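Kindly produce the complete structure, drawing on both the sequences and the hints.
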Amino acid sequence: MTYDATTLVLEGVSKCFGGTVALNDVSLTLEPGQVVGLVGENGSGKSTLMNVLAGRVVPDTGTVWFGGVELPPGDLRARVRANVGVVFQDPTVCPDLEVSENIMLGRPPARRGWFRWKHLREQAQDAVDASGLRLPVHKRLRDLSQDEAHLTDVVRLLARDTRVLVFDETTASLTADYVERLFTIIEAAKADGVACVFISHRLDEIFRISDRIVVLRDGELVLDRPAADTSEPEVIRHMVGRELSGRTRRRSVDRGETVLEVRELRSGIIQEPLDLRVGAGQVVGIGGLVGSGRSTVLEAIYGLRPRSGQVIVAGQVLAPRNVRRAVGAGVGFVPEDRRNDGLAMEMSIVANATLVEAASQPMLRLVSRRKGHQVVASMRTELGLKAPNDGAPVRTLSGGNQQKIVLGRWLAHRPQVLLLDEPTRGIDVGAKAEIYSLIDALAASGMAILLVTSELEELLTLSDEIIVLREGRVAARLGEDATEDAIAIAMAGTAPSSAEASIQG
Amino acid sequence: MIDSALATEADGLPTRGAVDPGSSPLDRLRDAPPWTGVATVLAVMMVGLALTQPLFLTQVNLTNVARGMAIPLLLAIGATLLLTTGMIDLSIGSMLALCTMVSAGGFHIGLPAPLVVVATVLAGGILGSLNGVLVAKVGLSFFVVTLGTLAVFRSVAQLPTSGLSVPLSNERGFDLIVLLGDGNIGPLSVPVVIAVGSLVLAAVVLRWTNLGRQVYAVGGNENAARLAGMRVDRVRVMVFAVNGLLVGIAAVLFTGRIQAGSPLIGAGIELEVIAAVLLGGTSFLGGQSSLVGTALGVLFIAVLQNGLTMVGVQTLWQGVITGSVLILAVWVDRVRSRGPA
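Protein sequences, first through last, are from chains Z and D. Heads up, the first sequence is in my numbering, so the first residue is 1 and it goes up one at a time. Heads up, the second sequence is in my numbering, so the first residue is 1 and it goes up one at a time.
It cannot be assumed that every hint is accurate.
[Said to hold, decoys possible] Simulated restraints on C-beta separations: (1) Z:Arg107 to D:Ser155: 41 to 47 Å; (2) D:Arg234 to Z:His138: 44 to 50 Å; (3) D:Ile126 to Z:Asp75: 29 to 35 Å; (4) D:Gly110 to Z:His138: 42 to 48 Å; (5) D:Ser155 to Z:Asp90: 51 to 57 Å; (6) D:Ala203 to Z:Asn322: 26 to 32 Å; (7) Z:Asp90 to D:Ser162: 53 to 59 Å.
Please keep in mind that the hints were generated in silico from the structure rather than gathered at the bench. Since the structure is predicted, the reported quantities are computational estimates derived from the model, not experimental observations. Beta carbons are placed, not taken as given, at the ideal position from N, Cα and C, and that holds for glycine.
In structure tokens form, the structure reads like this:
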């Protein structure tokens with residue numbers, strides 16, 4: 001293969017984290033002078049891909065080429081030498097160094113080990129001037145605002161003549177004013193022949209700055225197209241998937257007696273009061289992009305977040321910020337981030353399966369081994385859990401089996417309400433089908449289920465009613481008339497951005 | 001766990017931005033130097049002692065306090081450098097004892113006194129580097145490594161003499177060691193000059209050398225330092241080595257002061273030293289340090305112990321006080337670095 005001296009190629013990159021596929025054979029070419037907009041839902045593999053590029057993660061398979069030379073996996077210094085840089089979500093700056101030192105980090109103008117402050121500040125000031133920003137180079141970084149700190153990181157990479165520059169959700173924490181300044185910098189870098197990757201959850205930004213748009217979903221590259229030849233709804237459809245596996249839609253059940261009622265809920269990004277009801281045997285789906293507030297709703301109901309408004313479970317009003325009371329009232333919760341919030345990865349299958357039991361029992365109650373094994377045994381028969389032995393650490397299981405444990409631990413409790421946040425994230429197709437049938441069966445047994453998912457198909461086929469959120473507001477409530485297009489359009493909304501995108505496109 | 005997951009979701013959660021200066025007394029306090037607290041308490045304590053204890057302000061007592069500070073100050077400089085990179089060396093007490101035994105051994109085999117000094121200091125550097133290599137190159141936790149070498153060094157120090165001290169006084173050239181550890185040149189106490197000189201040197205290194213700036217970078221954000229191409233492990237080994245050299249210097253002073261090599265000295269001194277450093281405002285979380293604060297912290301503990309003795313509190317109680325001060329200092333650090341709620 002021959003490439004331009006500054007073309008970066010990711011070739012056949014795959015990576016698994018403890019049974020979860022993060023990247024599956026992804027290849028991507030970054031051309032000089034081009035901005036690639038990289039989008040995908042949480043867990044689609046964007047960050048992992050960029051960490052492989054940056055040398056922070058060693059891939060299971062695959063190679064990173066730069067100008068025809070391989071960058072060894074996990075070798076950070078090779079990236080520095082090759083002028084490949086990433087601006088991460090949390091700025092990689094040192095709070096107690098001066099801004100000037102941060103800009104020149106790793107290559108200060110030292111002579112025989114002595115630090116030359118004057119040269120350093122001059123060089124840093126030149127770099128700041130060249131970027132067109134204003135930063136106080138002599139101040140300690142700690143004394144800067146978050147925005148300025150983040151841009152210091154950008155200036156640092158520009159100052160070292162970076163040829164490949166990745167912005168990993170840099171705009172997520174920037175104020176509007178600084179987003180504009182960042183865009184000016186990106187445009188200038190592009191004109192300078194730098195290959196840029198721009199990652200953002202805000203599609204209007206993606207369409208504004210990108211020449212090419214790449215979509216990842218479940219660790220696979222599903223779209224790679226010039227920005228001019230695509231549209232927001234098309235990108236969203238690729239992000240959330242449309243592989244209809246022939247699964248038929250649930251027949252809508254008549255809402256039985258209301259089990260979960262939420263009145264005028266406000267919490268975090270949910271600023272506009274939200275009402276919802278879930279009846280016995282009903283599945284209500286919440287759709288929306290990342291940042292729409294979909295997880296916030298579940299977390300507020302469960303008591304993980306402060307909230308205002310009322311949550312009523314079977315006639316009983318729940319106190320805010322009180323998980324124990326919620327569990328006591330018969331609410332179960334399956335969190336989005338299974339590895340960090342759902343499981344104790346090093347603990348045994350039994351211990352994880354009985355975590356809810358353990359939390360609800362008195363402190364000094366003896367742990368019944370027999371009961372623990374019974375719980376796991378019933379998971380094997382009822383959920384098709386495949387596990388070598390009950391004492392093995394959960395880490396050793398596949399993603400699908402891990403999720404069965406997180407779900408299964410609630411079943412022994414027979415909750416009245418089950419809150420599911422991305423119940424099939426990062427698990428294989430077979431396990432997905434099993435979890436779908438399980439959700440159907442639970443609903444049929446009279447449970448009220450509130451489901452958050454970023455997959456359109458899942459949302460459509462599992463839910464009796466669908467609530468689509470956008471930027472903390474209800475964008476649509478759909479019943480049997482729901483279609484993929486209707487949901488995608490509601491997710492994208494009619495933000496001013498689409499107008500801009502169409503001008504650019 | 002859930003909370004940390006929430007913070008990463010792009011839900012527009014409030015991020016910690018710039019503090020509006022002078023908007024509340026608490027903010028102004030945060031802008032003050034980190035050692036403001038210990039300086040204030042120290043001043044109050046000294047005024048109190050001066051008013052109630054007639055012996056406190058005498059030249060003899062103050063000289064004693066100053067001399068007693070020299071060794072803790074040397075150790076505290078090393079601890080400050082380590083803490084700046086987010087690490088602690090628990091083995092310094094044992095290392096100190098082992099180094100005094102190296103001095104004794106040096107005289108025993110008839111080395112000239114200047115060479116004994118060099119050998120002792122180098123021994124400290126080597127022991128410190130050993131900790132550093134195990135932490136930075138092998139990749140073990142500093143806590144585990146230095147807890148382990150705490151036991152190892154102490155044990156090795158006791159091996160040659162079955163735990164007995166080696167009195168030194170008549171050896172040829174021992175005068176030099178006594179001068180370094182306990183002597184005066186004109187009105188100046190030599191150990192105090194050495195300790196203060198080391199403090200100034202450390203401040204220069206931290207501010208004006210590449211190594212010093214890398215120490216702050218590694219402590220402030222190891223990730224950023226690594227991504228910028230710094231050799232983070234090398235910086236860590238260097239800091240451990242410098243810490244060891246300082247322990248070696250302290251060992252020379254100690255040998256001169258007690259006129260012996262002793263395998264038993266220095267037990268628990270790491271607690272006192274770390275307490276002093278934290279009191280001085282060096283952050284437990286790394287990245288931030290204050291050598292001025294460290295000096296004030298050491299002075300605080302020295303005056304506290306002096307005062308407690310004068311007021312008649314039994315020596316046996318002093319551990320209670322020092323330990324409580326340590327916990328208090330860490331708590332204040334937590335409150336301070338947490339920032340506005």
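Hint check:
no., hint, in the structure
1, Z:Arg107 to D:Ser155: 41 to 47 Å, "44 Å, holds"
2, D:Arg234 to Z:His138: 44 to 50 Å, "28 Å, violated"
3, D:Ile126 to Z:Asp75: 29 to 35 Å, "31 Å, holds"
4, D:Gly110 to Z:His138: 42 to 48 Å, "56 Å, violated"
5, D:Ser155 to Z:Asp90: 51 to 57 Å, "44 Å, violated"
6, D:Ala203 to Z:Asn322: 26 to 32 Å, "52 Å, violated"
7, Z:Asp90 to D:Ser162: 53 to 59 Å, "55 Å, holds"
Hint violations for this structure: numbers 2, 4, 5, 6, all remaining hints satisfied.
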